[in-house]
Amino acid sequence: MTTIGQPLDRVDGGVKTTGAAKFAAEHFYPGLTHAVLVHATISRGRITALHTDEASAVPGVVAVLTHLNAPPLKPAPKPGAFNLTVMFSGTSVNYLQSDEVHWEGQPIAVVVAETSAAAREAAALVRAEYTVTKSVVDFEGSEQDARPQPNNPLLPRGAKKGDAEAALKAAPVSLDLRYTTPPQNHNALELHATTANWDGDRLTVYDATQAIDWFRTHLALRFGVPRTNVRVLAPFVGGAFGGKSAIWPGTILAVMAARATDRPVRLVLSRESVYRTVGGRTPSIQRVALGADRDGRLTSLIHTSITRTGPIGGPFEQVTAASQHLYAAENILARHDLVSLDLLPNTFMRAPGEAIGTFAVESAIDELACELGMDPIELRMRNETAVDPIGGRKKFSHRRLRELYALGAERFDWHERNPEPRSTRDGRWLVGTGVATAFHRALTLPVNVTVRLSADGGVLVRCGFHEMGMGAATAQAQITADALGVPFDAVRVEYGDSALPLGPFAGASAQTASVAAGVVQACEELKQTLKSMARKTGGGTNEEILRRAKVPHVEAVVGSDTRLGRIAGRARFLPNFLLDAQRWVKAASGVHFCEVKVDAETGETRVSRWAGVFDIGRVINPKTAASQMRGGIVMGLGLAMAEETLVDPRTGRIMNPSLAEYHVPVHADIPPIDVSFLDDPDPKMPLGILGAGEVSTAGVGAAVANAVHHATGKRVRDLPITLDKLL
Amino acid sequence: MEIELRINGSARRLDVSPQVSLLDALREYLGLTGTKKGCDQGACGACTVLADGRRINACLALAVQYQGREITTIEGVDHPLQEAFVRTDGFQCGYCTPGQICSAIGMLAEHKDGAPSAATEHLAATGGELDDEEIRERMSGNLCRCGAYNGIVSAIKEVAK
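First to last, the sequence lines map onto chains Z and L. Sequential numbering from 1 applies to the first sequence in this note's numbering. Sequential numbering from 1001 applies to the second sequence in this note's numbering.
Any given hint might turn out to be false.
Said to hold, decoys possible - Below 25 Å or equal to it, Euclidean Cα-Cα: the simulated DMTMM-like pairs (lysine to aspartate or glutamate) are:
id, chain 1, residue 1, chain 2, residue 2
1, Z, K527, Z, D580
2, Z, K22, L, D1132
3, L, K1157, Z, D9
4, Z, K623, L, D1131
5, Z, K623, L, D1113
6, Z, K22, L, D1078
7, Z, K536, L, D1113
8, Z, K623, L, E1083
9, L, K1161, Z, D674
10, Z, K22, L, E1083
11, Z, K714, Z, D9
12, Z, K161, Z, E494
13, Z, K725, Z, E604
14, Z, K623, L, D1132
15, L, K1161, Z, D669
16, L, K1161, L, D1113
17, L, K1157, Z, D669
18, L, K1161, Z, D9
19, L, K1157, Z, D674
By construction, these hints were calculated from the structure, which means they are not laboratory data.
Turn these sequences into a full structure, and let the hints guide you.
Below is the structure:
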């Protein structure tokens, strides 16, 4: 029996439900100390005085590190398009190395103490004086200063086909709309945490990271030790969502504090410190303009975005990534512009670009459907495309949007709806339904893997990948079991440790497919080895073959962790990646069906029903995959209805850095979410896997906005959809 | 100061300053790291433990005030909910899970005792059915950023039957 496709329980279910799973802040060393950050309270300028005497006098304080006494730190390496390992420094600031302040919240001191309570008490006593220089921190106020985003070969760019502006003017039906989305924060429940221990010039770090190898390389560079001297472990990560992929100051400063004090250091960010030192999702201002003929065929699709970056960093946001592939418009214009602000850089957050870009484009499509008096699914089907709309040459490796819409409409009883806005009531509730498309590009990354079969029949898979809740080890055990034809329970998977073969970073929805490619290759090699052994020893079961050959185990190795091996891996990866991207559009896709109830008097909005149908290629484990889809939808519901990081436009200070004031969805907000899959392998991806981590977050904002419009007749184009916007 | 706490059935002595929270006492002083810190201000529920069977946020409790109380952390829990969470996939990363489980145990007891919630239609009708809406309302103090809420509700419903 195959195990792929079985809804198996997670292999780590036991340790996660008994408290035995150890996260980054839960590893002990004798003499462990605790560190707490002190933050700057200006957005730009210089520190003129730092008063640390009171803090140092708190009983139990071991050290107060500032730019005046911190050990040297090498500057952050410059990002290079072809060296991913150093690309993702959260900021370019060299912490505690000068009196300069670059953002409101920048760490200006680290207090190390025998207990966390003493460290917190002392940190509150550090006082700073500053000279303030002019800073630019107001996103909306800087709109007119937006500049085109520079091109990066690894990220989707803008696109142009025909003359979209002229076609818009000439179109019989047209819309030209402005949408905005606010900054958001990941708020993984596990606070970012680092436990760092130096043993001479060897460093061991337990960190809440989704990028073990980047952290290892980055720390080696910053602290001037060989990469092989650094070990990074992340056996369990308590949620990440992109917020734990770049290297943020907490990690660097924990390692620095351990070096400065010659003591093991644990640094757990407070929730406020997470907001002040770990970037979130960029805000956006978007324009979507659509031109169509009266039959709904798109003649023009324009999607432009303004997002933010800054002098100290912040990656680009591929806001129009989905819009470029969804509709067969004759003329298309997609453009990304940036404003530069003196704020903590933003970073990747679940479905960067697509999550907010699909809110705008899929809302606009719904608006056009209303304008045309056409069912929004029918409008989408009239513009469905078999080839990539830009250029018209690239094919989709897999495109099943028609099937997804048909399946979802049936599951949701879509065609029962009265299309007239504000036409359905349930007591005090106005009821509406909405639909939107989800789309997320698929990717694979290079990995090294070893698979070992022992004479007792046990199989050990080793790869430095990450478990942040995806059920990664469970899925890889299923893949291994099928590839070798052994029982699922015979497979053990080791992960979350840089001492293991190089794993991919856990992002871009790429981990499962990337590791699967390595695992399948290793298993094939292992089977070949067993076959040739069997020819010599006379066959039988795997165990018999090994026993007769008198070897304790056989092992297959994919990739090499030597410096040359890593360079070779990258050299193989990049041309393939770029060539592949020229030939194919590979993407996971889906459709969301949403029902909302809006209180006619108060504007209170409740999501009452949800159906999501997805094409993520082959589904390894329908139980954990469905959980990922639901999780992405829940995060999308936060984006749609509640989440907003409030940045003071005068000072650049985040005003709601807590879970009490930044609202994420709670139990009461979430109805049963119906999830189904096509489970149809993609022909161009390893094992047919398209990636499951992010696709379901895309489209959620629009599905809710469209349902709210259907319920109330009010179109909300500025997220989040809070009740004040419906009154 | 020297205090004694009763945790998971055994007495534990520790030396803490008066401002140390029960949560830090558990995690930092006693090595009981199953109880999680997610906000340290009572907003997320990750630190939920049981004090004499009632659910509390350990981050809002001072350790010194809990002398003489029977504290149960996830390490001391042996309950059908734990297997139910695994079966229904009521978690992903697992960080909020100990708090969700402790909270659910406390919640089931509250409901059994007839405590109403904001979702309870008639306050007089104690011991009513624990339906989805009741469970969701009563569990809303426990955040799950992975969004495993559907699975958690299923697990609780399974066990409450």
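Violated constraints from the hint list, given by number and in increasing order: 1, 2, 5, 7, 11 and 12
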